[in-house]
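Using the sequences and the hints, build the whole thing.
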Amino acid sequence: KNEVEQSPQNLTAQEGEFITINCSYSVGISALHWLQQHPGGGIVSLFMLSSGKKKHGRLIATINIQEKHSSLHITASHPRDSAVYICAVIPYNTDKLIFGTGTRLQVFP
Amino acid sequence: EAQVTQNPRYLITVTGKKLTVTCSQNMNHEYMSWYRQDPGLGLRQIYYSMNVEVTDKGDVPEGYKVSRKEKRNFPLILESPSPNQTSLYFCASGPGQGLGTQYFGPGTRLTVL
Numbered sequence: 069k070n071e072v073e074q075s076p077q078n079l080t081a082q083e084g085e086f087i088t089i090n091c092s093y094s095v096g097i098s099a100l101h102w103l104q105q106h107p108g109g110g111i112v113s114l115f116m117l118s119s120g121k122k123k124h125g126r127l128i129a130t131i132n133i134q135e136k137h138s139s140l141h142i143t144a145s146h147p148r149d150s151a152v153y154i155c156a157v158i159p160y161n162t163d164k165l166i167f168g169t170g171t172r173l174q175v176f177p
Numbered sequence: 224e225a226q227v228t229q230n231p232r233y234l235i236t237v238t239g240k241k242l243t244v245t246c247s248q249n250m251n252h253e254y255m256s257w258y259r260q261d262p263g264l265g266l267r268q269i270y271y272s273m274n275v276e277v278t279d280k281g282d283v284p285e286g287y288k289v290s291r292k293e294k295r296n297f298p299l300i301l302e303s304p305s306p307n308q309t310s311l312y313f314c315a316s317g318p319g320q321g322l323g324t325q326y327f328g329p330g331t332r333l334t335v336l
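Going line by line, the protein sequences match chains Y and A. Here the first sequence is numbered in the working numbering, starting from 69 and rising by one per residue. Here the second sequence is numbered in the working numbering, starting from 224 and rising by one per residue.
No lab work stands behind these hints, which were simulated from the structure alone. Please note: incorrect hints may appear among the correct ones.
Quick list of in silico lysine-lysine cross-link-like pairs, DSBU-like style, CA-CA up to 30 Å [claimed, not checked]:
| no. | chain 1 | residue 1 | chain 2 | residue 2 |
| --- | --- | --- | --- | --- |
| 1 | A | LYS241 | A | LYS292 |
| 2 | Y | LYS164 | A | LYS294 |
| 3 | Y | LYS122 | Y | LYS164 |
| 4 | Y | LYS136 | A | LYS280 |
| 5 | Y | LYS164 | A | LYS292 |
| 6 | A | LYS288 | Y | LYS164 |
| 7 | A | LYS288 | Y | LYS123 |
| 8 | Y | LYS121 | A | LYS288 |
The following block contains the structure:
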């Protein structure tokens, strides 16, 4: 079993829909990252969380440390949001990153 | 412009021929790391470095070497490449592992025949 699980693996949506991507992990962590990988392959860091909630534009990330769960929400989705979204955790007392396998999102006009 | 650069971007080589993929960052970051990305397996960490002369293994270090002689550079060395090292490789840097944004290079697509 992977230490970081994402769901769903694939997601399609109509423009304007509210999107939720989930990340569950099985180890104690010091922080969690959400990344976006564009169709061309480039990777961009969206958020780094250790507690609570962060918002940037139409993106919102939340984390519940007790439940070992994080969510990434996209409000008013747009075709340019089409990408692979990747969750990564930093286990306690390490400097490593462990990644989920990603959620492929396609938003249609 | 703040950036992480990798070279080469594409490389086709043969089994056993030593190669180096360079990585350089201009943000004075302490933390640098190498990852490989494979279909169905996602990103996996190969090696990371918390500072000059400090390196440590990630989850898949076998067959790879790294060095951190200068803060800005973190080359990945494949002494004797094998076909199972065919992959997409990313370098990244950050101010500190859990402490901030990670900046990724554009990726290097390596094929070992």
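Verification of the hints:
Distance check on the hinted pair: LYS241/A and LYS292/A sit about 20 Å apart at the alpha-carbon level, within 30 Å; holds. In summary, the hint linking LYS164/Y to LYS294/A is supported, as the alpha carbons are separated by about 19 Å, within the 30 Å threshold. For the hint pairing LYS122/Y with LYS164/Y, the CA-to-CA distance comes to about 22 Å; that is within 30 Å, so the pair holds. Simply put, LYS136/Y and LYS280/A have alpha-carbon atoms about 25 Å apart, close enough for the 30 Å limit, and the pair holds.
Simply put, LYS164/Y and LYS292/A have alpha-carbon atoms about 21 Å apart, close enough for the 30 Å limit, and the pair holds. Annotation: proposed proximity of LYS288/A to LYS164/Y holds, straight-line Cα distance about 17 Å (limit 30 Å). At most 30 Å may separate the alpha-carbon atoms for a hinted pair to count; LYS288/A and LYS123/Y exceed this at roughly 38 Å. Taking the CA atoms of LYS121/Y and LYS288/A, the gap is near 38 Å; set against the 30 Å cutoff, the hint is violated.
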